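Trainee: Place chain E on chain X using the hints.
There are 2 protein chains.
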Amino acid sequence: MDNTQAVKQHSDSPRLVVVGSIGIDTIETPKARRQNILGGSASYGCAAASFFTAVGLVGVVGTDFPPAYVDLYKRLGINLEGLQTVEGKTFQWEGVYETNLDNRRTLRTDLNVFASFRPDLPASYRKAPFLFLANISPDLQLHVLDQMEKPQFVVADTMDLWINNTREDLQKVIGRVDLLTMNESEARHLSGKKALLRAARMLLGMGPKYVLIKKGEHGSVLFSKDSIFLMPAYPLEDVRDPTGAGDSFAGGFMGALAANGDTSESAIRKAMVYGSVVASFGVEEFSLERLQVLTVDQVEERASLFRSMMRCE
Amino acid sequence: MDNTQAVKQHSDSPRLVVVGSIGIDTIETPKARRQNILGGSASYGCAAASFFTAVGLVGVVGTDFPPAYVDLYKRLGINLEGLQTVEGKTFQWEGVYETNLDNRRTLRTDLNVFASFRPDLPASYRKAPFLFLANISPDLQLHVLDQMEKPQFVVADTMDLWINNTREDLQKVIGRVDLLTMNESEARHLSGKKALLRAARMLLGMGPKYVLIKKGEHGSVLFSKDSIFLMPAYPLEDVRDPTGAGDSFAGGFMGALAANGDTSESAIRKAMVYGSVVASFGVEEFSLERLQVLTVDQVEERASLFRSMMRCE
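Those sequence lines, one after another, are chains X and E. Take 2 as the starting number for the first sequence in the numbering used here and just add one per residue. Take 2 as the starting number for the second sequence in the numbering used here and just add one per residue.
Same shape as in the complex, but just chain X (with noise of 0.2 angstroms):
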């Protein structure tokens, strides 16, 4: 029985709680240059998130910060009990994507007031029983997790620079989650197997129960210690802008994670193609300019056609 289903709601207490950056970026893409656009991975993964279930966002911005994106994030029904403004720039970056958006680079990364962003977490925050720890440094991820009182079900993803520069701390924090995510690439690297199903094994073995590995276009893997899911991307002609869909994917998954409330792997498998539709919606536009329009009909629509995809028995 699959009781998930897409639906907006509000609330005061969020039951998932989503710490990340927020941004302001400017992207070039082969078709298109856009400035000063709303990003961040707590940006997209509150948005996704917010189809599913309550969800409250753990972030900073600087006295720049466009009032038009507040409402944006309100009209989307996120919680801003955790979002800190503080004197100064809001973190911006700016980034190109080559040829066929396979492949991006930075062009400039101003962290401003993201620098010394230290969360103290709402009270209303800390009884979420779902937190996605989106990819900031590894010792922020560890501050917003001691501050949780009994998170049911905690996601960290992370990213080459802290598996560089942090591993002690990354590793303190896979220690301590549920569910680890991260990119094919990153996965490599971090555990120094080139086969996706040997480093797996190795990232299993620091603690997560799962290890959920996104491979963009070419869909993801959810890993456990005796068990495999193989779901592929859902299928789009036209992708305007792939910045954010990874964090709109692991959102999207643990809103619907979170209003479901059950976390067996069956759940977790229902909840990816969740996650995966909305990263799939997200991408045709730039920023959140699909998310903020989307509809939960779409969603259920969307997810019921991707289902009808992947059947085989």
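I should point out that these hints are in silico values taken from the structure, not numbers from a laboratory. Just so it is clear, the structure is predicted and the values come from calculations on it, not from any experiment. Please note: incorrect hints may appear among the correct ones.
The list treats identical chains as interchangeable, and a pair is accepted whether it falls inside one copy or across any two copies.
Stated by the list, open to error - Below, a list of computed lysine to aspartate or glutamate pairs in the EDC-like style, where the Cα atoms sit at most 20 angstroms apart: (1) Lys194 to Asp103; (2) Lys216 to Asp65; (3) Lys90 to Asp72; (4) Lys216 to Asp103; (5) Lys216 to Asp239; (6) Lys216 to Glu95; (7) Lys151 to Asp121; (8) Lys216 to Glu238; (9) Lys226 to Asp239; (10) Lys216 to Glu185; (11) Lys194 to Glu169; (12) Lys194 to Glu95; (13) Lys32 to Glu95; (14) Lys210 to Glu266; (15) Lys194 to Glu99; (16) Lys195 to Glu99.
Mentor: Positioned in the frame of chain X, the structure of chain E alone reads:
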């Protein structure tokens, strides 16, 4: 209800006819080099199909062809009425896989007796309901197709060489088959469309009811006018030699389909699982070394495991 099942059987009248190349291969991978091993699309296709149905081989070899390889075909239960032996040398191919097995480079191709191959099908083959036209010249594919009495389901594979040099004949083939299969890059090449969905739509417009795009380690996608089936690849820890994987996939797929007799889309999806499983065994060793000792129980066991890896409802 799934009545497809891996089961070794012999028969005087093949249910499936496979036409393609028989080659003596020399293959170098980053870890090994093997000389004069059995290869060719018909070898891989027939060996893979032999786990499911009575399969007949259409191909040509020279008088230098090692009797041990004929014995191997026989042990696999392959009907050899359609195997011609001609004065001269057998087709030879030499290739090298660089770094990570993703890219291969052809070092040498000696067509030898294959250059003048123009098969007359044995009477028992002409009545076969299933036909797999493996990757050979479209002219030869048409010549074989013309000799079939009333095939129920015809599959054709192709490659860049024919797309570049004999497009007119290739289009005639495509207009007469039920399912067209090729690699992702070839589908883009033939259709002139970069997005896979657009490429598939254009290929479907050329006549076949189904287009099956092979994506190597990323699985395959089946397209019809109004449906898509996304199939991941069975995850492997070690790939020894990827040569023939696409032919094993198509051969296993056609074998499973022929065994069943049902050519509904649901049956096609189920048969793709079997094709993928046999191909996954095939690449574990060079040439037919793994397939020649593979048992139907092992095929069924992996197929069952593979299906469990795709389950999300």
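Trainee: Could you run down the list of hints and mark each one as holding or not?
Mentor: Hints and how they fare:
no., hint, verdict
1, Lys194 to Asp103, "between (22 angstroms within a copy, 17 angstroms between copies)"
2, Lys216 to Asp65, "neither (35 angstroms within a copy, 46 angstroms between copies)"
3, Lys90 to Asp72, "within (19 angstroms within a copy, 76 angstroms between copies)"
4, Lys216 to Asp103, "both (11 angstroms within a copy, 16 angstroms between copies)"
5, Lys216 to Asp239, "both (18 angstroms within a copy, 19 angstroms between copies)"
6, Lys216 to Glu95, "neither (23 angstroms within a copy, 32 angstroms between copies)"
7, Lys151 to Asp121, "within (16 angstroms within a copy, 74 angstroms between copies)"
8, Lys216 to Glu238, "both (18 angstroms within a copy, 17 angstroms between copies)"
9, Lys226 to Asp239, "between (36 angstroms within a copy, 19 angstroms between copies)"
10, Lys216 to Glu185, "both (6 angstroms within a copy, 17 angstroms between copies)"
11, Lys194 to Glu169, "within (19 angstroms within a copy, 47 angstroms between copies)"
12, Lys194 to Glu95, "neither (31 angstroms within a copy, 30 angstroms between copies)"
13, Lys32 to Glu95, "within (16 angstroms within a copy, 41 angstroms between copies)"
14, Lys210 to Glu266, "within (10 angstroms within a copy, 37 angstroms between copies)"
15, Lys194 to Glu99, "between (28 angstroms within a copy, 18 angstroms between copies)"
16, Lys195 to Glu99, "between (25 angstroms within a copy, 15 angstroms between copies)"
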